[in-house]
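Since the structure of chain A is already known, use the hints to place chain B on it.
If you read the sequences in order, they're chains A and B.
Here the first sequence is numbered in our numbering, starting from 1 and rising by one per residue.
Here the second sequence is numbered in our numbering, starting from 781 and rising by one per residue.
One or more hints might be untrue.
To be verified - Beyond 12 Å from chain B on every Cβ pair, some chain A residues (computed):
hint	residue
1	Ala80
2	Leu279
3	His529
4	Ser579
5	Ile755
As the list claims (entries may be wrong) - Cut-off 20 Å, straight-line C-alpha distance, at most; resulting in silico cross-link-like pairs (EDC-like, lysine to aspartate or glutamate):
hint	chain 1	residue 1	chain 2	residue 2
6	B	Lys932	B	Asp908
7	B	Lys792	B	Asp804
8	B	Lys932	B	Glu894
9	A	Lys778	A	Asp457
10	B	Lys820	A	Glu292
11	A	Lys425	A	Glu179
12	A	Lys430	A	Asp457
13	A	Lys715	B	Asp804
14	A	Lys715	B	Glu894
15	A	Lys458	A	Asp641
16	B	Lys820	A	Glu291
Hints were generated in silico from the structure; no laboratory data involved.
Predicted model, so just to flag it, every value in this text is computed and none were measured.
Quick reminder that beta carbons are idealized off the backbone N, C-alpha and C, glycines included.
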Amino acid sequence: MPQKRTFNIVGISVPKVDGVSLATGSAQFTDDFELRSMLHARMLRSPHAHARIRKIDTSEAARLPGVHGILTYKNVPRVAHTTAGQGHPEPSPYDTFLFDRKVRYVGDAVAAVAADTLQIANQALQLIQVDYEILDPVFDPHQALQKDAPIIHDEPDAYAPLPVIYEPQRNLAAHVDMEIGDVEAGFHQADVLLDNQYSTHYGAHAALETHIVITYLDEQNRLVIRTSTQVPFHVRRIVARVLQQPVSRIRVVKPRIGGAFGGKQEIILEAISGALTLLTRRPVKLQLTREEEFMCTRTRHPQHIRLKSGVKKDGSLTALDLSILMNAGAYGPHALTVVCNSGSKTLPLYRCPNVRFEGNTAYTNLPIGGAYRGYGATQAFFAMGVQMDEMAHAIGMDPPTFHKRNHIRAGEGSPVFQALGEGKKGVEMKLNTCGLDACIDQGARAISWHTKRRRRDKGVRRRGVGMVCLMQGSAIPEIDMAAATITMNDDGSFILLAGATDLGTGSDTVLAQIAAEILSVTTDQIVVHSSDTDFTPFDVGAYASSTTYLSGNAVKHAAEQVRQQILRVASEMLNTEPSMLMLRKGTVMHQKTTTRRVSLADVAHYSLYQKNQFHISATASQHTHISPPPFAAHFAEVEVDTETGEIRVLEYVAAVDCGTAINPALAEGQTEGAIVNGISFALIEEFHFDARGRMLNPNFNYYSIFSARDVPPIKAILVPTHEPTGPFGAKSIAEISINGPLPAISNAVYHAVGIRLRHAPFTPQHVLDALRNQGRQKKL
Amino acid sequence: MKITTAINGQKKVLSVEPNDVLLDVLRREGYKGVKEGCRKGTCGACVILLNGKAVNSCLILAVRAAGQQITTIEGLGTPDAPHPLQRTFVDAGAIQCGYCTPGAMLSAKALLDEIPHPSEAQVREALDGNLCRCTGYVKQVQAVLAASRILKR
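If we strip away everything but chain A, and leave its shape as in the complex, we get:
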């Protein structure tokens, strides 16, 4: 039966279910919760990029009045693990210990102190004596892979839990490769060959709430972890393993989260705080400072990218050869899967018979890469998007036409989907939907592409427009899993217990809308609780653009079962067959004689108190065999000042196919937020390091991010398609749009001034250098 396309509440921008509480300050974040006799924890961090701890003496710190517990490598279990909150076993190497004898970057964990106050904890840190044997560091991923490079993970007990290539003895944190067709033959068929190098830089998530956790023992001496996380169930599993506690002794509670963007898909603080609580038997709060947030959490992995491509004069691609060297930093969370994603999210976008991909990830003594919205696709789409523009230019084709000629279409698959998975092979997948043509057309129209493209400025300030096409995925196929429970209350309202994790994205609202649509009520009749490992069913968490697609389907299936139960009870009450009944606006009525009706409250009361009692409720689980990609076409108009090198984005348009937008305002908000983060990253965000690997700008003064004044007019256009496997036709939206600004701006700058920016960020100095080079080349 074809899916009904008109909905009651799906497709409507209902206010967020937690909107009023957030607007009035009553919403409870991790820190908005007080416990009697809570201790405050602080961490001692390495001043060296690479060193071995010869001796550590905590005795003086321990004697300081008010200090209740100190952790070092000496008094915690040594368990090799990864901080990456991923499916189990994780595709990331087990190269991390709660504390170790070795430190591998400036900011690495050396010790933790729990004390009555923060001041005492800070004082205690000063009293810990550490004697370091300083080792040679390596900061460049190319050098890290050379024969004589210092070995960062020389400990014998680091290993990869999955059968993947992992060679820490030569600083290789991950490797992946694949070839489809014959790339060399493809290059021979090409009329134009391009071979370019690109690089992307470190980036901070910069969530306004830093990482924070509160741990305590409940009345049964179970460890409760209240934490700002994207992955509550992975936190429970990993902390249980690291602290050698049974999973049954741990409860993880996710309150409201103050932004995450991938940065909280990591188990960074929970085990440390938990160990302090187990040691002191007291509640402990551990919150990172903004400086620690920059230096000691996770970043976007920098990549060095080489892309070789062949194209015929008619615009058809003959070969794509993408190779990436990624900098993991000191540890390897997501070291394999981010680089896999760089290939698997970019290469299938284009129809090309010959495709080669190689990814290598090297350890260095710099801050740690991790999950960050876009997850490798951001880096690789920079190279891919610029090179597609260059190929179009080389054969004299307008970029929109070039993209339309080459992009994958509904009904088509790509061998890359099968070849590249996450720590294992991918899945065979044919697209059910692809709205990219409409995205290109609507985006081009919105930015007046054809008018602006004809323009050629000559003055000091020159304008140009550029575009790029993008795709992402919706959940990780054959790995991710989500579950939800719905129960009915006496008054006909419902409780939705979702394992899914709302980070501020609005997923609680989207899930409530999905349940409300099936149950034919408004969202105020759905009470949503998400992510408490004692009370909500399992969900892998909020990452890989999975929640609407995967958790949404789990909620939909649970709601459908509850609906069936409601109709069954009502049929008993109305003495008819369930198939003769319909559910409309909180009422079950006979399809023919609509006066024969009962309210949901009547049904609930009957089922709980009157006859053949049972609790109307259902739990449903969801996994997926495919990962339907959302698509987008992004357009940027820029103005380049050829004297100062400054790039100003004048207008930005993103047309996105996310299937059905369950809540259009929230979908637009995801798009707008991702774009601004992306523009800010492309133009002004940068980590600066000194010669010894210390980050010099770990604060918002010197690591600026865009503020309200910096933002150009942004237009988010939602282009509907109907993904038959998604809830009400939905695909994902959260990540895709962060991938656009780097290539779209670079292409617009080329149109404006004729330089190709292939190395990010696009700072004024970098632009001036490129303009000078261009001048020199013209003279030659």
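Only chain B this time, still in chain A's reference frame:
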């Protein structure tokens, strides 16, 4: 030492240490809508109104609040009687994680008190000190402009 202030229109006597920061004191007193984001006056999450002016409470010693009027997000409106800004932020979809929201709304309140019908550029300037990583500011600016239209009526 003891200081007397008016918080959200109510007289309060607070015990503070000379080096206590206003942000910490307000949170200790239960005004949890005042958020901590950097403690350096660079993010705006802790913005409150001090005698009607938007200030970063992490940069102000608590003793300086003696005899002053403080407004936190809890004093702007309530769930039952929200301020127009609180309504428009919810309705426009201007709240994602909501961590920067109290500070941003109070900066907007200070603006609207001074300039009831601001231009978009004035709104953007007023929100300049309130970093937000979720929304891209698009719907925040729309929400402030919508609130100014409500207040006009």
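Hints, verified against the model:
1. Interface exclusion of alanine 80(A) from chain B stands, the closest Cβ pair being 33 Å apart, more than 12 Å.
2. The Cβ of leucine 279(A) sits about 26 Å from the closest Cβ of chain B, beyond the 12 Å cut-off, so the non-interface label holds.
3. With 12 Å as the threshold on Cβ separation, the claim that histidine 529(A) sits away from chain B holds: the shortest Cβ distance comes to roughly 17 Å.
4. Every Cβ of chain B is farther than 12 Å from the Cβ of serine 579(A); the closest lies at roughly 39 Å, confirming the non-interface assignment.
5. At roughly 27 Å, the least C-beta separation between isoleucine 755(A) and chain B is larger than 12 Å, which holds for a residue marked as non-interface.
6. Among the hinted pairs, lysine 932(B) with aspartate 908(B) is inconsistent with the structure: their alpha-carbon atoms are about 24 Å apart, more than 20 Å.
7. Among the hinted pairs, lysine 792(B) with aspartate 804(B) is consistent with the structure: their alpha-carbon atoms are about 16 Å apart, no more than 20 Å.
8. Restraint check for lysine 932(B) and glutamate 894(B): satisfied, since their Cα atoms lie roughly 13 Å apart, inside the 20 Å limit.
9. Distance restraint check for lysine 778(A) and aspartate 457(A): the Cα-Cα separation of roughly 18 Å lies within the 20 Å cut-off, and the hinted pair is therefore satisfied.
10. About 14 Å separates the Cα atoms of lysine 820(B) and glutamate 292(A), which keeps this hinted pair within 20 Å; it holds.
11. The suggested pairing of lysine 425(A) with glutamate 179(A) holds, with an alpha-carbon distance near 13 Å, which does not exceed 20 Å.
12. Restraint check: the Cα-Cα separation between lysine 430(A) and aspartate 457(A) comes to about 44 Å, which exceeds 20 Å; the hinted pair is violated.
13. Simply put, lysine 715(A) and aspartate 804(B) have alpha-carbon atoms about 39 Å apart, too far for the 20 Å limit, and the pair is violated.
14. The hinted pair formed by lysine 715(A) and glutamate 894(B) fails the criterion: a straight-line CA distance of about 30 Å is larger than 20 Å.
15. Between lysine 458(A) and aspartate 641(A) the alpha-carbon distance is near 11 Å, which keeps this suggested pair within the 20 Å criterion.
16. Taking the CA atoms of lysine 820(B) and glutamate 291(A), the gap is near 10 Å; set against the 20 Å cutoff, the hint holds.
The structure does not agree with the numbered hints 6, 12, 13, 14 stated previously, though it agrees with the rest.
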